[in-house]
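Number of protein chains: 2
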Amino acid sequence: MIYLDNGATSYPKPAQVLRSTVEALKNFSFNSGRGGYRQSVKAAEKIYQVREKVSGMFSCEPQNIVFTKNCTEALNIAIKGSVKKGSHVIISSLEHNAVWRVVSKLKEQGIIDFDIADFDYDDDVCVSNFESFIRENTDLIVCMTASNVFGVAFPVRRLAALAHRYSVRFIADAAQTAGIMPVGIESDGADIICAPGHKCLYAQMGTGFMASAKNIKLDTLIQGGTGSASLSASQPSEPPERFEAGTLNNSGIISLGAGIDFINNRGMENIYGHEMRLARFLYDGINQSPNTRLYVPRPENGKSAPIIAFNMDGKSSESVAASLAAHDIAVRAGYHCSALAHSFFKTLDTGVVRLCPSVFTTQRDCEVFLNTLKKL
Amino acid sequence: MIYLDNGATSYPKPAQVLRSTVEALKNFSFNSGRGGYRQSVKAAEKIYQVREKVSGMFSCEPQNIVFTKNCTEALNIAIKGSVKKGSHVIISSLEHNAVWRVVSKLKEQGIIDFDIADFDYDDDVCVSNFESFIRENTDLIVCMTASNVFGVAFPVRRLAALAHRYSVRFIADAAQTAGIMPVGIESDGADIICAPGHKCLYAQMGTGFMASAKNIKLDTLIQGGTGSASLSASQPSEPPERFEAGTLNNSGIISLGAGIDFINNRGMENIYGHEMRLARFLYDGINQSPNTRLYVPRPENGKSAPIIAFNMDGKSSESVAASLAAHDIAVRAGYHCSALAHSFFKTLDTGVVRLCPSVFTTQRDCEVFLNTLKKL
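Heads up: the protein sequence lines correspond to chains A and B, in order.
When we follow the working numbering, the leftmost residue of the first sequence carries the number 1236, and every step to the right adds one.
When we follow the working numbering, the leftmost residue of the second sequence carries the number 1236, and every step to the right adds one.
Bear in mind the hints are in silico, worked out from the structure with no lab data behind them.
Yeah, the Cβ is synthetic: ideal placement off N, Cα and C, and Gly gets one too.
It is possible that part of the hints are untrue.
To be verified - Residues on chain B that point at chain A, a partial pick, calculated with CB under 10 Å: (1) Thr-1303; (2) Val-1318; (3) Ser-1467; (4) Ile-1488.
Excised from the complex, chain A in its bound form (with noise of 0.2 Å):
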């Protein structure tokens, strides 16, 4: 199989992935912070070493990465905690589902009323959409990091700055480019950043974080068992506890251990550069390739995510995507969650192909995908 869905999830994960979750499920599977007795101890010490490596790359404090269960939960948690009766949000014209979909339901229950700023390719123009919709009630902005259909990205640390002179929080999804594009709360303004653990940082699927600033408070989605202060009606006051009710998912978080170790040993820039190699060497093929449409321009480095959407003529993205699906070679078609985004780039009637490489897509991966469009 070729795999070209990596924005989906990230497959194969990296030997060391495979390797933890095994010893996590046979070293490391009891209830972390509940018992005393020494391996309850030691899965509890596993799971810390992992919140340092997950705020080590995102640059904020180890008591301030809350494990979720996927990227969605994360954001969730982030949106809804962070909004009160009254609030105005703004989200951009390109946000995933998990975030459209959060500020509806907001709405739908009369809580929010939202905005929605438009994209652009001009840091300057981009920015300003954003600040033209502030307003007096705008407490929140939320912002993907890069496009999960067509790439292009956004300039957070710029919209950060934008919320905070006008002292609005700022929520970073960055689904799509955590752990190839650098992003942290104390390096770029962020307040909160969501992400997945199993796409570009290789853990297992069933894992994402929520990372934030330091003194951000928000009220909580779910309420349980945390281990702490269980004689109390309410959740504990601080993170992590007050957003990890129940158990959590030891040998996933570990698998995030791990997979951020494989990144942190190739080095993030190193994945990055080969992924977006490949992208340009897609996207200059397909461009190349008769009867294609491309929706952006050519990928550069800082200025998109390694994603390439395209569609060919008189096909639907399903058909196209179901004929290199003959030929062994996997890739997503459709509308990939993000209704927003195609209603932007204008591919509401067609939805689009996608292609995501990852680090161990090969040079000669692309290339039979492209011969193999070229006979579609």
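Position chain B relative to chain A; hints supplied.
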């Protein structure tokens, strides 16, 4: 290690659970229901097979099995999705914080009010305790199948029948019994059953589910991408997608299928019989030890989960657990995230030491425990 903390999470996991996890990471870690390529379709089929296995055990339809990260998330979805402003809720006097903190939060938000019905060993009295709190605006009864601290079981079928006589919804928290004591949607009349995968069902940590009856309408707790109806601002109307936003924990879910296979092969009755024999052996041994205190009658089949709570006079539960840990015996001390249960059994000052055998616990393990206890 002698592991008697299976009430926190079961250890070890059966060999087939470990094998299935590794197989899942290698062969089924693709985004199910999102891709059209063979591997994605196969992953989706594998996930569906687990829905069938879970629904077989809990007597409902496969599409009404919603996979969650733990039992706590399932309870949050079920409880919050069931109430509206002005609802009245009844919970038991032994509920875990995963229920108590949820209803306390809803009360604090001004959405619901709730009452606490006392447990009783006499089923007639117990049912009548719940009935006495039912009023016109009672929309929900939430009750555990058995106490996670003291093991005593509730008459779930009768409580479900009571609820339905008053057109009230009934949610069963099967955290400590799912996999050892039968409970089902169609067989017992519960509207919703919530359970963890990683306790008596022997799956990885990071797993849980909500099983529900047909036509149960629930609001959503988490919104996001579902791989379906992507152009809609709302979650799909039907389970499981409605409640499964974001990427699923494929390897965790597949390990749950392996755990259920393991139980079905051994026979749930045989496993329960084994664990209850050990529970009674532990109970009798503790009862005969000097300076010990037990809180509930000797556990009888059908009236209790295989859980023993005790204390030693003049020692904190934590110090007893620490002494046992020094002998490589793993038990849990303290409150077990269950303030209500400690209030009911008057153990708020001390907490308790809790013992939970599993299918892998041997008579010899229990003998070593009892011999060690006598020397403390």
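Hint validation: B:Ser-1467 versus chain A, beta carbon distance must be below 10 Å. Holds or violated? Where the cut-off is 10 Å and the nearest Cβ of chain A is about 7 Å from B:Ser-1467, the hint holds.
Please check whether B:Ile-1488 passes as an interface residue: C-beta within 10 Å of a C-beta belonging to chain A. holds (8 Å)
Holds or violated: is there a CB of chain A closer than 10 Å to the CB of B:Thr-1303? holds (8 Å)
Close enough to count: is the Cβ of B:Val-1318 nearer than 10 Å to one in chain A? At about 14 Å, which exceeds the 10 Å cut-off, the nearest Cβ of chain A leaves the hint on B:Val-1318 violated.
Comparing the model with each earlier hint shows a violation of hint 2 alone; every other hint is respected.
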